[in-house]
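With the hints as a guide, bring both chains together as one complex.
Which chain is which? The protein sequence lines are F and B, in order.
Using the working numbering, read the first sequence as starting at 8 and increasing by one per residue.
Using the working numbering, read the second sequence as starting at 670 and increasing by one per residue.
What the hints contain is simulated information worked out from the structure, not anything from laboratory work.
Everything hinted at is true.
Output of the computed footprint for chain F on chain B, the stretches with three or more beta carbons under 8 Å from beta carbons of chain F:
no.: 1; region: 715-728
no.: 2; region: 751-764
Here are a few chain F residues that face chain B, going by a calculated C-beta distance under 8 Å:
no.: 3; residue: P179
no.: 4; residue: F182
no.: 5; residue: E184
no.: 6; residue: A185
no.: 7; residue: Q187
no.: 8; residue: V188
no.: 9; residue: D189
no.: 10; residue: A191
no.: 11; residue: F195
no.: 12; residue: V200
no.: 13; residue: P203
no.: 14; residue: L204
Using N, Cα and C, we set each Cβ at its ideal position, and we do this for glycine too.
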Amino acid sequence: MHKVLLGKTRKADKLVPYLILAMVLLFTLFPLYWMIITSFKTPLEFVARDIAWIPTPITLGHYGEVVEEGFMRFFVNTIIIAVFSTILAVTAGALAAYSLTRFRFRAKFDKLFLLWAIIVRIIPPIVFLTPLFITFRELGLDDVRLRLILSYQVYVLPLCVWLLLGFFRDVPIEFEEAAQVDGASRIFTLRTVVFPLIAPGLVAAAIFSIITTWNEFIYALIFARVSADFTIPVGIATLIGEYEVLWGALSAAGFLSSLPILIFTVYVQKHLLRSFAKRGVLRG
Amino acid sequence: MKVKLENLAKKFGEVIAVDNLSLDVREKEFLILLGSSGCGKTTALRCIAGLETPDEGKIYIGNKLVNGLPPGKRDVAMVFQSYALYPHMTVFDNLAYPLKVRRSQKDEIKRRVKGTAELLEIENLLGRKPSQLSGGQAQRVALGRAIIREPRVFLMDEPLASLDAKLRAYMRAELKKLQKDLGVTTIYVTHDQVEAMTMGDRVAVMSQGKLMQVGSSEELYNYPRNLFVAGFIGSPSMNFIDVIFETRSDKFFLRGKDFQIELPRRLGEMALNNAKDFKVLLGIRPEHMVIGNHKGHYTEDTSIKAEIYVVEPLGRDVLVNLRLGDLTLRVLTPPPFGAKMGDNIQLSLNTAKIHMFDRKTEQSLLVTKQA
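Isolated chain B, as found in the complex (with noise of 0.2 Å):
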């Protein structure tokens, strides 16, 4: 079941929690809402659900607008983040729920409870108040709920917040793998990244109540459309870098206070058709930077010189911290990492992964028109 959102708008008092907000979700899509707390993700999500009412816009689900349906009529079903399983009832009475709501007879609940226990393998759990469930228990049972009444969309907020680390990535793998089986079409809040990347078949960033980019993983690491995506997408987050872009001699450079880089001819034709000005930003991932000169990609040309600041090892990587005037930019390296605090090294960059963003709008650079 496809999901729409024209132009929705929610505001609350003088807050403006979704702003203009327009998405189409495809059938049996994994869409993942995120951003920070307060982005608007939550309210975009309620006002599916029929929680919220829309100040403006439309709201499809199918074909068939909803703006005026109440949620119970809407076919959606939502996990909270809180699960919200009634205290004062049985897991089979928490499962059983809405089917009660909806009149269901006595043989048909049992039959699906039980049916739906097994799916997520709860069935000893039946007789249990939620207070006696652990936090994945509870999750599951949470879950039940939802799939029990075989809606057409789900919405999720949050779901995994609550649970550990280890927990979290166990049932993200679940929950994925239970999506694609029951092949219903979800939408899936969330201000991890992580779970974003991973989970979703596309990701759909926003900030401050607007949508800022929907695509892929690969898409939004590869190809952010502005600033915020490209600081918001990827840990630790992209270094940015005030930078004047010129053209000599038909080359194309990014000329900083200290260091020049010389632009691979395609970025620099797609920046020169796209920038409105020659003060741009520069913006490069930790892991598309090494320390040292290096051949290819990595020219003597682009090397930045700069000084060691802080070293944080983080086992797999390290992460280095270098002073370059009054900037502080982060590094990727691989292990052993012999240089102390305080030495001065040489800096090169991966050229190929460079971003540029016009400093006004915020917007990439590098994206050609169509996309």
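Chain F with its partners taken away, still in its complex shape (with noise of 0.2 Å):
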């Protein structure tokens, strides 16, 4: 009897995390299920007593809304911005962390420059609005799109030199040494030997950067006056109105926008873990 008690602890041990997975699955999961059948339901079906699990007829009518809105154009200034800002921020990240763990600074500026980059992370963004949007216009800078490029660098530069210090610290110095002993310049030895060792930071930093600035809002809505120059985020606030909410065509908004972000997180994930893999290699 004993013996058939345990038998059962064990397989209901082995179910638990399953059943904790599964949970946390539905939690994460339901929202974006809830979001697409919405896009695919007709009005009637939102306001219906029985809800309705699977959209009977399927209507592709709110997509069409969509693009009607401008949404294509919203896709494309968020893309570039999103994509710009996040080159621009793994760069300069780059560099900047290379730079701090490969000099010496003197008065230890390299510390003070750290703690000052994590402080304007920890200050709200919104009080960085109005200094910037002062600096820009005092600069000329009329941009809309360029505009957001240089202040998202406020979310995501500190980050990105934070997250990529630790990477280079990793390398060790004798590699870019011997590299330097052997002739390789500087350049060359970062392309050859430095980044291929430090791309899973490279890829993370530009993984967190893609997906803070694609779903920045506050920024954008300053920033942005006209809807030709929205983003997405911007764009779909449009769809909640003051006495309506546009639920079909909202939801449709919110599939669209969140599919390139899926689509990318998959395909750099392999990369990100093949590439953590090579990191352990590192350290061992």
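Dropping the structure here:
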């Protein structure tokens, strides 16, 4: 009897993690599922008493509405802003982190810089809005996309620097010195030795940066005055009116906007995992 | 290719790493920089490589002053203690890297990688990543990366330190042979005196950034110029005893608390020439003393009474620790050794092998002026 009991406990033990996983999945995937089915429902079904788990009939009308609202334009804006913000943040962040780990600074300038970077990240971004606005105006930077690319650095650059710092520290200085003695220039060494070794860090920084800038709302809302300059989050917000919420269009826009990020993350995740395995080798 | 250091100095903040170091490395020589950790030997090597900029002094490779040249332009190859093999590249790519930097032709790269791999017997490893290599294999690849460029000078920073004892002994011999075969001037940093004594044509002993003595293994062992070298070279290390140097009726004596030793005339005269003070330090190696009374060098005049403190059998020898007043002396004696702890014994010194040092300057009193 004892044995039987033990066997049962073991089975239960195995089940528990799966149950927890299932709950987490339900919790995270349900809103996504709800968003997707809502985007295909007819307006009648939103208000129907019985919950329609599978929309009948399926309508693509909301997607048409979304396109009519100018979402393709928002899409293009968002992609340009997210991609260039990320390129800028990862490049500048990598160079800054590399310098901070490799060069000696007077009067603990490196430590102060890192502290300053983290403080910038701690302060609510909205605080920088007015100074940034005035600065851009004084500089005559009128392009909204350029304004957003630059101001998103407030969000992403400090974290890119901090994230990459650890990766650069893991690369033994001897690797670079060996290349230096072999006659390699610093750029050649960075390209052939250092960057391949910190690839997982670059990928992680890029994912983080893309997602943050893709979803950013406040800066985009303030800087973009006309609908031609809207990004997706701002565009979606316009679908929530004072008297009416366009549930169908809202869901369709939400689904469309999360699609690229989902695809990008799934694609990069493989690289991320493979590169993390490499990092283990480096440390071992 | 000769390497010459002239008054080299390097400070890190307040810490003096290299202090006025002058050194001549001869053509095709295997020179060892020996010293304990933090003595500045690695810093000196890095200055030669160009990885550190000296505060003062000149570095010549061949007859060319290289102070202003970046590492890549000095035509030296360096082997690091950690090997510094790139983990994301195969052994082939690691070996090829220095050639790729130089934009060599693909065929040329292939040919030379193959040649180097054959020389080091690592042809079967070319497809592997460094993580798939054993310590000894990684070490060979690191050597290969230095050899492949056919540089004028090899710089090696404790390349054998991370190998296990057996492999290290094997690689010592291999490396020495390789250096002679290639005939490339080599500067090799180590803290291991066995490595230094066995491998080097000459050994430069460093302490606190200063050069203590340069010479062959025999010179360092038999004629240490100062207290540091005397204590550093040889294992177990030399015994030191405070004594008073006396001359009486044309004879020379060293007088300790409870004993007196008559010095051979040759040593006595040399010491008299050099000594500034009659208080000196007597140095004697554990292998140059014998327990019991002996004739010949070991005359009764030189015998000392002592008490056995600890006996440590080492296999080939027995290391006996003796108490002499408040001093501990170490003596190597052949087994079997019958006496026990606490026994009183007589100790004889081989007076021809005695060393004497000035207590203040710590310089040897037994060096001829020319040396």
